[in-house]
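Residue numbers (numbering that gives the first Met the number 0), protein chains in the order written: chain U, 0 to 294; chain E, 0 to 314.
Treat each hint with caution, since some may be false.
Footprint (simulated), chain U over chain E, 3 or more residues, beta carbon under 8 angstroms [as the list claims (entries may be wrong)]: (1) 37-45; (2) 55-62; (3) 137-144; (4) 182-193; (5) 304-312.
Partial selection, computed: residues in chain E whose CB lies under 8 angstroms from chain U [as the list claims (entries may be wrong)]: (6) Pro11; (7) Pro13; (8) Pro14; (9) Asn33; (10) Asp34; (11) Ala66; (12) Gln71; (13) Lys100; (14) Val164; (15) Pro165; (16) Ala166.
Hints in this document: simulated from the structure, not taken from any laboratory.
We put the beta carbon where it would ideally sit given N, CA and C, even for glycine.
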Amino acid sequence: MTDTDEVDFEIDGEELGDAPVLEIPSDRLSLLVNDLHVSYRVFGAKKVGHGPAQDWGLLGRLVRRGAKQPPVREVKAVRGISFAAKHGEAIGIIGVNGSGKSTLLRAIAGLIPPASGTVHVAGNPALLGVNAVLMKDLTGARNITIGALALGLSRKQVNERFDEIVDFAEIGEFVNMPMKSYSSGMGARLRFSISASAVPDILMIDEALATGDAGFRAKSKAKMDEVRKAAGTVFLVSHSLATIQAMCNRVLWIHEGKLVMDGNPKEVCVAYRDFVHGNHAYKVAQQKKAATKNS
Amino acid sequence: MTVDQSAPSAPPEPPAPLERTFSEESVATAVAENDLEQIGVRPTLGTYFREMWRYRPLVQVMAISKAEAENQNTYLGQVWALVSPTINAMVYVLIFGFLLKIGREGIENTIAFIVVGVFMFRFFERSVMAGAHSLQKNLSLVRSVQFPRGVLPTAGVLAELTMLVPAIVVMCVISYLSGFLPIAGRVTIDAYWLLLVPAVLLMWVFSTGCAFISARLVAQTPDIDNLLPHFMRILMYASGVIFSVDRYLGQFSWGWIMEYQPVAVYLYLVRSSILDEPAYQPDAFMWLMGVVWAVLFGVLGFLFFWAGEERYGRD
Numbered sequence: 000m001t002d003t004d005e006v007d008f009e010i011d012g013e014e015l016g017d018a019p020v021l022e023i024p025s026d027r028l029s030l031l032v033n034d035l036h037v038s039y040r041v042f043g044a045k046k047v048g049h050g051p052a053q054d055w056g057l058l059g060r061l062v063r064r065g066a067k068q069p070p071v072r073e074v075k076a077v078r079g080i081s082f083a084a085k086h087g088e089a090i091g092i093i094g095v096n097g098s099g100k101s102t103l104l105r106a107i108a109g110l111i112p113p114a115s116g117t118v119h120v121a122g123n124p125a126l127l128g129v130n131a132v133l134m135k136d137l138t139g140a141r142n143i144t145i146g147a148l149a150l151g152l153s154r155k156q157v158n159e160r161f162d163e164i165v166d167f168a169e170i171g172e173f174v175n176m177p178m179k180s181y182s183s184g185m186g187a188r189l190r191f192s193i194s195a196s197a198v199p200d201i202l203m204i205d206e207a208l209a210t211g212d213a214g215f216r217a218k219s220k221a222k223m224d225e226v227r228k229a230a231g232t233v234f235l236v237s238h239s240l241a242t243i244q245a246m247c248n249r250v251l252w253i254h255e256g257k258l259v260m261d262g263n264p265k266e267v268c269v270a271y272r273d274f275v276h277g278n279h280a281y282k283v284a285q286q287k288k289a290a291t292k293n294s
Numbered sequence: 000m001t002v003d004q005s006a007p008s009a010p011p012e013p014p015a016p017l018e019r020t021f022s023e024e025s026v027a028t029a030v031a032e033n034d035l036e037q038i039g040v041r042p043t044l045g046t047y048f049r050e051m052w053r054y055r056p057l058v059q060v061m062a063i064s065k066a067e068a069e070n071q072n073t074y075l076g077q078v079w080a081l082v083s084p085t086i087n088a089m090v091y092v093l094i095f096g097f098l099l100k101i102g103r104e105g106i107e108n109t110i111a112f113i114v115v116g117v118f119m120f121r122f123f124e125r126s127v128m129a130g131a132h133s134l135q136k137n138l139s140l141v142r143s144v145q146f147p148r149g150v151l152p153t154a155g156v157l158a159e160l161t162m163l164v165p166a167i168v169v170m171c172v173i174s175y176l177s178g179f180l181p182i183a184g185r186v187t188i189d190a191y192w193l194l195l196v197p198a199v200l201l202m203w204v205f206s207t208g209c210a211f212i213s214a215r216l217v218a219q220t221p222d223i224d225n226l227l228p229h230f231m232r233i234l235m236y237a238s239g240v241i242f243s244v245d246r247y248l249g250q251f252s253w254g255w256i257m258e259y260q261p262v263a264v265y266l267y268l269v270r271s272s273i274l275d276e277p278a279y280q281p282d283a284f285m286w287l288m289g290v291v292w293a294v295l296f297g298v299l300g301f302l303f304f305w306a307g308e309e310r311y312g313r314d
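Using the sequences and the accompanying hints, generate a full structural model.
Next comes the structure, spelled out in structure tokens:
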């Protein structure tokens, strides 16, 4: 293990240690998602998402003066997903870019209302994403206070855990600098430690572990295990199959907003890898074909 | 032309989607057995109010942070919170008080009159705009953590109130000093000045209600954000910020609406506390109106915002 500040997305499986994925058997459900559909509005979109454009009618066409696409598009990001999660499970979510992984997490966290279907949870879910920049004009210290209070901690708890959060994030004296001066790794570490400070019932991590060095990843894994031992459920979205296999005991594969596979990590990851590699090989072949045709 | 025989001729297909749904009964049993709660639905009004109360430390911290961060990127920093409304007021004094003279009709101390009007209206205007932008500006927080969204407009207005306090000191000093000019009426410091505190507090409650309303409107229809500044401009002229409403609009049959509309009422209350204008004497009915508007807008604004709670952050 090195302590350099490199950011590698294909994490070496061995780096995460050989410790087997923690098994915490429990029969009690912590999360129940039934036939979940999520869609959201996009302003100024040209053509996005799946399915045909909605019909705007005569008035709509007049307003947008003959533009081909309406200015507001409804994107169907999640199209009918059902699953149940148990306490203590670590669930990895994989899928190609734009397949609806992050939207699914947001819906489970209660941040996007479902278009139809239901989500039932035990306790309070917290979502942690790399892109969730807190407030970049404010110092790290302020962000810790605001983030922790927003997670539902009391003032007293925030004061008690403040030092712990700073130490865990390894940001040192940067804590008194505005967050816009942070490196991407520092920002991600700070967000992770804020989210983990509340020991939420359901912790959702959106590609956060890709940022941060090897040492931090090992600490993150320890924190995830802590949440799971406290009977919490962990969701992890990552493009690194090594991370998923090292940390999860169940994997969901999402494709175009639908659940296509749900099972043990090895099986699903192998199938997913074959699919991605097959897709890549196909694209390369197509390009070759096009190139030879043109020459 | 050679074709690589080993290349796949079609893209690989992912496994067929698992088309499964749980039956409603099984969901109901599982929910009951594991004490699950449905999320993504609006909390009841009582729960929402209690939650808002529980999150008041967050409101405070966000308000202070916002007030501090406001002028962070300038050399003078927080001094701008005082300088900028002063310059703003001086421009109005110069144009409406001395060039156009409409700010002098029926007013003894034009400078104090316009300065108080501009400072207080600015607070209201900035509060409404803060509410309008509160969800958009904190979108990353809204998209990562679940907390009552009403915290955001409330904190936005509280930040404006925090910045208003030093501005009020400047406003009082200017008003008092202007009384020594030969052209202006005297401003005396008396016990009525204490009424400034309840007047500002009532205006704060009213502004918070308005911020709730603007927050939901802009969250649902972002286009309204472009109309708000124009609406504010109209309201400024309709509220007697720089001239006496009574004098100019009192002659019309609908003039009384302009006199008793909320913003005009709060300007009246603040002026009656500080200034010694004969046309702005402390008035019990105006105080009653001030309380009524604050309660009405506070409650309606909260209800209006709550009714859209589950949809914020979706776009």
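#### Entry: Violated hints - listed by number, lowest first
Going through the list in order, the structure violates hints 4, 11, 13, 14, 15 and 16 and respects the others.
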